[in-house]
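Each chain, letter by letter, is given below.
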Amino acid sequence: MAAPLLEVENLRTEFARGESTIHAVDGLSYSLEPGEAVAIVGESGSGKSVSVRSLLRLIPRHGRITSGSARFDGKDLLAMKEPELRHIRGNQIAFVFQDAMTAMNPTLTLEKQLTEHIIWHELAGKSEARQRAIDAMTSVGLDQPEVRLKQYPFQLSGGMRQRAMIASALVSRPKLLIADEPTTALDVTLQRQILDILKERKRDGMSIILITHDLGVARYFCDRVIVMYAGRAVERGPMRDLLESPGHPYTTGLLESTLEIGAGKDRLQPIPGNPPNMATLPPGCPFAPRCPLAEERCRVEPQSLIPIGPDRDVACWKVSEGATLHASGRS
Amino acid sequence: MLLDVRNLTKTFDLPGGATMTAVRNASFTLERGQTLALVGESGSGKSTLARLVLRLHEATAGEVIFDGIDVLSADTREMRQLRSRMQIVFQDPFSSLLPHYSALDNVAEPLRLFKRGNKEQRRERARSLLEGVGVNRNMVERYPYEFSGGQQQRIAIARALALEPELLVCDEPTSSLDVSIQAQILNLLQDLQGQLHLAMLFISHNLAVVEHLATHVAVMYRGSIVEMAPTDRIFNAAQHAYTKRLLAAVLPARGNAIPVMPPEEDDVPHGTAAPDTTFAADDDVPLEEIFPGHFVAGENVAKATGVPY
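Protein sequences appear in the order of chains G and F.
Under the working numbering, the first residue of the first sequence is numbered 713, with each subsequent residue one higher.
Under the working numbering, the first residue of the second sequence is numbered 8, with each subsequent residue one higher.
Just chain G, same shape as in the assembly (with noise of 0.2 angstroms):
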């Protein structure tokens, strides 16, 4: 197998909020391959945003990345100068957020916002920037290029912009997208259509991180998922596989929580309580407030992720005491 694109190793980052430090990524590693896409899913705080974030150091701050290392092509982003890191960053890395406007500078035409980075990086000259921002408005299905060039981000509708931050995003080619909720403000059909524009460069090989609340369009999206909840992984492992059979606790409740069409009109399973309070986590288990199967262990020990089948690992007690419970009952 060909070597991964991106390695990420124990990364934590932290925030120092008064008196008490915020650990919102606290451990966390993943690798991904060339023309794969990963999924992190979570809820709000739970570190999603902060660890892709990370990646290229765009944090805020008060913020600290503590440990780790994130080797993307076999250099590590976290140890790399920032100007070697600027090299990457909106080049072989691009971002696309989920507010456009908000992410694009208001006073800018879109012409400024498509190519002035890759004219930055000198990927090419102004008239060729010019015409790859053409083309990649294009294939995000925005109409009348050449006149979209010239408007500012207000006179855009709200599904017209974010088809442009994508567009800006895909016209340095980049070797890895990472988006974070970018179609979560869109309408479902807005939604769908630029999730099946990202699908296509991945087909051609572009790697994507997609952070994501939503489950749907995860499994519609991506290979593979990791699920945080607390600045941590508490699940990992192939999409398909791990939404027909959740381990973490944590997922299933997050399953039970999703509404489906078909579901019917039975009442809702919702996790009890809310997300937690990131500067007082329990010793044990984040999750061990809200978890049906808690217990006195997980209130005190946190677990770290054990493998539970092919690809997938969990941090649970409850489900590793299950899986060893298998391996020593088929021995």
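FYI, nobody ran anything at the bench for these hints, they're computed from the structure.
A portion of the hints provided could be inaccurate.
To be verified - Interface residues of chain G toward chain F, partial, derived using beta-carbon atoms under 8 angstroms:
no., residue
1, 859
2, 861
3, 867
4, 870
5, 929
6, 972
None of the values given here were measured: they were computed from a predicted structure.
Positions of the beta carbon are idealized from the N, C-alpha and C atoms, including for glycine.
Once you have looked at the hints, place chain F on chain G.
Only chain F this time, still in chain G's reference frame:
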């Protein structure tokens, strides 16, 4: 019948003299205990329609009859009384709550405005309302920012229910919430509706939520209701091409294969209401009842049945 909306239309003036019809000729009825979901893409007019019913926007034409009262011609005093009987829960709970009022004072405020009871009675009622939506008694003196999004939405729901309304409008009440919290709020709304026999107008772009909660669904497209039916008819026997497209765009997390989404029939841009000049005059097609309670925009009956998807 609690609510009878007839041919409601709202036209906005655009700069330069153009007009934009945000809602055209919308008609529907709603009984107590029923939930009508308004679905459609952003800019389709679903929020505007709900606001016209509450008279938060003034309609350009049409009628809203609430419990026999003509809402659109009600004077200020009558309108004030009507407001206590119809309430709304917004998408963003934080911006809809008064930030400098505690949770308790937020919920007690409508009672104060309508002079219900004395101060102590109002606070007691607010306390029990908050308890009813799952906010702990020992937290009610806190301010909105001290609560999570889900808790804020519970407070907003408690406030909406304070005056015991008969009609509750929910405008994307769970869209800004995490999935686990969304499920809690949906259960809460379902319970409250059962207990209080509320009529609900529920705006959502999440079709799975709609199927779960609504008794009836109206699909809006560019300002018009293009299809309206009992919920199971919409999900099992949709007729209008746009409804089918909407249903096919949903991405399930589990179970069946993902449907293929039919292509668009035209290229009017998404996400914005377009000026009237973008429409042909025959866009304004009347609804036909093709099955008891199942209405489809006339021209599209033929169109829809002619298309294989």
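Verification of the hints:
Proximity of residue 859 of chain G to chain F is violated relative to the hint, the smallest CB-CB distance being about 13 angstroms (cut-off 8 angstroms). Restraint check, residue 861 of chain G versus chain F: the minimum CB separation of about 17 angstroms is more than 8 angstroms; hint violated. About 10 angstroms separates the beta-carbon of residue 867 of chain G from the nearest beta-carbon of chain F, more than 8 angstroms, and the hint is not met. For residue 870 of chain G, the interface hint holds, the least distance from its beta-carbon to any beta-carbon of chain F being 4 angstroms, beneath 8 angstroms.
Interface restraint check: residue 929 of chain G against chain F, minimum CB-CB distance 6 angstroms, threshold 8 angstroms, status holds. Because the closest C-beta pair between residue 972 of chain G and chain F is about 5 angstroms apart, less than 8 angstroms, the hint holds.
The structure is inconsistent with the numbered hints 1, 2 and 3, although it conforms to all the rest.
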